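Student: The numbering of the sequence shown is our numbering, which starts it at 17 and goes up by one.
Hints are computed from structural coordinates only; laboratory data are not their basis. Quick caveat, the model's predicted, so the values are computed rather than measured. Where hints are given, some of them may not hold.
Here are the in silico distance ranges between beta carbons for each label pair [what the hints assert, rightly or not]:
hint	residue 1	residue 2	range
1	Glu250	Gly62	27 to 33 Å
2	Lys243	Tyr108	23 to 29 Å
3	Pro65	Gly185	27 to 33 Å
4	Arg28	Val235	23 to 29 Å
5	Lys41	Lys142	18 to 24 Å
6	Ala123	Lys246	31 to 37 Å
The beta carbon of each residue, even a glycine, is placed where N, CA and C say it ideally should be.
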Amino acid sequence: MAEFALINLDKREVVVSSDTGFGYKMIECVGVMPLATLWLFTVPVGGQPAPPPPPSRPSSPDEEWERRPRVKSPRVPVGYWAGDRVLLVDEYWGSAAGNFPPELISAFPNGDPSANALWYAFENLKRVNLPGYEHQGDQDVLFPVHKVWVVRNLTKKWYARSDRIVEPGDRRGPDLMDDAEGLGLGDLIWADIGGGRCARMGEEGGAGDRFDVQALESVQNPDEEWKEWKDWSEQAIDCLQTFDVDWDVSQFRR
């Protein structure tokens, strides 16, 4: 499977898979990286400040792609990408000109927008690493286990509830238990932004959409705005059950 990266179009940042320690190719990362990706979008309950991220490990030597700089990408805080436009691209994703917004292209006048979108991101965007957060179980006050958590697509105004898409014994706040066999909120975001061949969350998927993960009580309110939101928990279940076999994250979680 292809090499890939997570891209934040608003902050002009990129998470390069090899910097995370999970691997270079999708097939090497899909078992665990979607779980770690969850913390890019998750907002602590009650708006509490998140702890500073731990230091990043140096990226491993890259003999195959000598043109890529070997750097130590800094970790970002929990929730740092919440509400931003994001997508996941691989080396077959097309040109930057065809897939990136004009304002991002214009920010890098020396870049080649006709080049492969993945390489354009490598060469022009700031490299960062995942938050590296580890859930503290029953003692976690930022992401309490007893809360219902929701993934929200802020662009299309749908949400999916953790208590409907994850079995009770597999849930740990917005996260999954270490021995969980099912898929969770991180996998859903991963699938929708380009990591799966699933169109159940909309005709064109959610690549380039804005996402966050919050406690249900933090976002649910009786005003007219909330009434416009669609509960797509059932669609999310269908999405996580119907990945294309070549991109199925569940088969790699062991």
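Student: Are the hints correct? Go through all of them and say.
Tutor: So, going through the hints one by one against the coordinates:
1. One distance hint, 27 to 33 Å for the beta-carbon pair Glu250 and Gly62, holds here, with the actual separation near 29 Å.
2. Take Lys243 and Tyr108: their Cβ atoms lie about 40 Å apart, and the range 23 to 29 Å is violated.
3. In this structure the supplied range 27 to 33 Å holds for Pro65 paired with Gly185, their Cβ-Cβ distance being about 31 Å.
4. Taking the beta carbon of each, Arg28 and Val235 are about 27 Å apart, inside 23 to 29 Å as hinted.
5. In this structure, Lys41 and Lys142 meet the distance hint of 18 to 24 Å, their C-beta atoms being roughly 23 Å apart.
6. Our hint of 31 to 37 Å for Ala123 and Lys246 holds, since their Cβ atoms are close to 34 Å apart.
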